Amino acid sequence: QKEVEQNSGPLSVPEGAIASLNCTYSDRGSQSFFWYRQYSGKSPELIMFIYSNGDKEDGRFTAQLNKASQYVSLLIRDSQPSDSATYLCAVRNTGRRALTFGSGTRLQVQP
Amino acid sequence: DAGVIQSPRHEVTEMGQEVTLRCKPISGHNSLFWYRQTMMRGLELLIYFNNNVPIDDSGMPEDRFSAKMPNASFSTLKIQPSEPRDSAVYFCASSFQGLPGLAGGIYTGELFFGEGSRLTVL
Chain B
1 QKEVEQNSGP LSVPEGAIAS LNCTYSDRGS QSFFWYRQYS GKSPELIMFI YSNGDKEDGR
61 FTAQLNKASQ YVSLLIRDSQ PSDSATYLCA VRNTGRRALT FGSGTRLQVQ P
Chain Z
1 DAGVIQSPRH EVTEMGQEVT LRCKPISGHN SLFWYRQTMM RGLELLIYFN NNVPIDDSGM
61 PEDRFSAKMP NASFSTLKIQ PSEPRDSAVY FCASSFQGLP GLAGGIYTGE LFFGEGSRLT
121 VL
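Sequence lines, in order, name chains B and Z. Okay, so the first sequence: first residue is 1 according to this note's numbering, each after it adds one. Okay, so the second sequence: first residue is 1 according to this note's numbering, each after it adds one.
Some hints here could point you the wrong way.
What the hints assert, rightly or not - Once the Cα atoms are required to be at most 30 Å apart in a straight line, the calculated BS3-like pairs of lysine-lysine come out as:
id: 1; chain 1: Z; residue 1: Lys24; chain 2: B; residue 2: Lys42
id: 2; chain 1: B; residue 1: Lys67; chain 2: B; residue 2: Lys2
id: 3; chain 1: B; residue 1: Lys42; chain 2: Z; residue 2: Lys68
id: 4; chain 1: Z; residue 1: Lys24; chain 2: Z; residue 2: Lys78
id: 5; chain 1: Z; residue 1: Lys78; chain 2: B; residue 2: Lys42
id: 6; chain 1: B; residue 1: Lys2; chain 2: Z; residue 2: Lys78
id: 7; chain 1: B; residue 1: Lys56; chain 2: B; residue 2: Lys67
id: 8; chain 1: Z; residue 1: Lys68; chain 2: Z; residue 2: Lys24
id: 9; chain 1: B; residue 1: Lys56; chain 2: Z; residue 2: Lys68
id: 10; chain 1: B; residue 1: Lys56; chain 2: B; residue 2: Lys42
id: 11; chain 1: Z; residue 1: Lys68; chain 2: Z; residue 2: Lys78
id: 12; chain 1: B; residue 1: Lys42; chain 2: B; residue 2: Lys2
id: 13; chain 1: B; residue 1: Lys2; chain 2: B; residue 2: Lys56
Worth flagging that the hints you see were computed from the coordinates, not collected in a lab. Bear in mind that the values here come from a model prediction, so they are computed numbers and not experimental data.
Put together the whole structure using the sequences plus the hints.
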């Protein structure tokens, strides 16, 4: 079992719709969770991080964390073609400084 | 403020040659990470340093790979000899790992990535 699992996609949504990206992790002691966006040929850039159970909103983005279910998600409201990218879920495991990344979900927003 | 700087951006070499990738972390950051990204395996941690000391090198594939951090502003990842299966994008990332200061604020420990070094071994 991979430590961080994501559906590879592609996830295709129409412009203006809500895109929902999901991630599960195996280490129950994981403490912090990150969503990175990576455009083709570019480096990952941080969108959001979340530590506590529940929702965290930042503009059009909402991160949701459920530690009991070991599940973290990212919602993108009013999706734009410029949101088309690969979204990487990353987890900081207990006692580690490094992040473990999922394989990413490719999002396509259709104009 | 300059971000993480990596060089070279692209490297094409022949099997058996030595490859050296370089990284300058963000000033003030005390942790540095080397990741490798391929289509098949995604983004994998190779090694990370904290305060210039290697902490976890369990991701280094084999003895052909070595990494050094002689000071807080410079790190290298060396592959000798290189093989075609080493072809990938190698990312360096840095972060500040520590406790929030007296003024408060949020310690995120987020990683800031360089633009990557795309390595092709023929």
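These are the hints, each one checked on the structure:
1. Z/Lys24 with B/Lys42: holds, 18 Å
2. B/Lys67 with B/Lys2: With Cα atoms ~17 Å apart, B/Lys67 and B/Lys2 stay inside 30 Å; holds.
3. B/Lys42 with Z/Lys68: holds, 25 Å
4. Z/Lys24 with Z/Lys78: holds, 15 Å
5. Z/Lys78 with B/Lys42: holds, 22 Å
6. B/Lys2 with Z/Lys78: holds, 28 Å
7. B/Lys56 with B/Lys67: holds, 14 Å
8. Z/Lys68 with Z/Lys24: holds, 12 Å
9. B/Lys56 with Z/Lys68: The given pair, whose Cα atoms are some 38 Å apart, is violated under the 30 Å limit.
10. B/Lys56 with B/Lys42: This hinted pair holds, its Cα atoms lying about 26 Å apart.
11. Z/Lys68 with Z/Lys78: holds, 9 Å
12. B/Lys42 with B/Lys2: Roughly 24 Å separates the two Cα atoms, so the pair holds.
13. B/Lys2 with B/Lys56: Given that 30 Å is the threshold and the Cα spacing comes to 26 Å, the pair holds.
Violated hints amount to a single one, hint 9; each of the other numbered hints is respected by the structure.
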